[in-house]
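**Student:** Each residue of the sequence shown is one higher than the one before, starting from 1 at the first, in our numbering.
Just so you know, not all the hints are guaranteed correct.
Claimed, not checked - Taking lysine-lysine and the DSS-like style, the derived pairs with C-alpha atoms no more than 30 Å apart in a straight line are:
id, residue 1, residue 2
1, Lys9, Lys149
2, Lys46, Lys87
3, Lys149, Lys130
4, Lys87, Lys130
5, Lys46, Lys9
6, Lys133, Lys225
7, Lys149, Lys225
8, Lys149, Lys133
9, Lys59, Lys149
10, Lys9, Lys59
11, Lys9, Lys130
12, Lys9, Lys87
13, Lys59, Lys130
14, Lys130, Lys225
15, Lys59, Lys133
16, Lys133, Lys87
17, Lys87, Lys149
18, Lys46, Lys149
19, Lys59, Lys87
20, Lys133, Lys46
21, Lys225, Lys87
22, Lys59, Lys46
Since the hints were made in silico from the structure, they are not lab data.
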Amino acid sequence: HGGIYVHEKGQGLIEENEVFANTLAGVWITTGSTPVLRRNRIHSGKQVGVYFYDNGHGKLEDNDIFNHLYSGVQIRTGSNPIIRGNKIWGGQNGGVLVYNGGLGLLEQNEIFDNAMAGVWIKTDSNPTLKRNKIFDGRDGGICIFNGGKGVLEENDIFRNAQAGVLISTQSHPILRRNRIFDGLAAGVEITNNATATLEFNQIFNNRFGGLCLASGVQPIVRGNKIFNNQDAVEKAVANGQCLYKISSYT
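Given these sequences and hints, build the entire structure.
**Tutor:** Below is the structure:
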């Protein structure tokens, strides 16, 4: 029912295969395994494309991962893979989901056209995202919930239907030198007792304001350029920032 199962410190080079139409995950990587997956097409599965769990590690490089009923990639429970140069798209439950203490380095991926968030970071997870393009999502670009953390550096996050980055429920990520632009909603939205450190980001051309904060939210904000944002909620407020109360928002 699953495609490829790598476990108990398994290794191996998995290269240029087509892994598709599996009932369970296309590739499972678990229990200290460190395989390298390169230039595979992993698609059209009933669940997840590539699933890292219980300290599954390894490298995922230059793969095309698309059209899964769950997310393209899931990382959980101490897993810490390197995910570089992939295209991850068409996921019905998002592009990449990092949860339950997942880690990982996501670098130079294109994550696009996913039905939910391009990247979800939830429940005490702390991945690093560098120089990814996260765009054309049918929901938010990056959604960080339930105590999620994460370091987001030098990503281009654009043309997403909801907030470029939505930070909620006790989460506290660090966003540094990202470009968040051309969104159909807010650039960065912080709500429900979350906070964030925002340094040297450019947030521009977003339809519902650059930085939207729920009442009582006090992020650390340093050296950002927030400009040319429209405010469709209220009349434009100085510097493209809108402050308004968001109630009953989850």
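**Student:** Are the hints correct? Go through all of them and say.
**Tutor:** Here is how each hint holds up against the structure:
no.	hint	result
1	Lys9 x Lys149	holds, 27 Å
2	Lys46 x Lys87	holds, 19 Å
3	Lys149 x Lys130	holds, 14 Å
4	Lys87 x Lys130	holds, 15 Å
5	Lys46 x Lys9	holds, 26 Å
6	Lys133 x Lys225	holds, 19 Å
7	Lys149 x Lys225	holds, 23 Å
8	Lys149 x Lys133	holds, 19 Å
9	Lys59 x Lys149	holds, 22 Å
10	Lys9 x Lys59	holds, 14 Å
11	Lys9 x Lys130	holds, 27 Å
12	Lys9 x Lys87	holds, 26 Å
13	Lys59 x Lys130	holds, 15 Å
14	Lys130 x Lys225	holds, 19 Å
15	Lys59 x Lys133	holds, 19 Å
16	Lys133 x Lys87	holds, 10 Å
17	Lys87 x Lys149	holds, 23 Å
18	Lys46 x Lys149	holds, 29 Å
19	Lys59 x Lys87	holds, 14 Å
20	Lys133 x Lys46	holds, 25 Å
21	Lys225 x Lys87	holds, 29 Å
22	Lys59 x Lys46	holds, 23 Å
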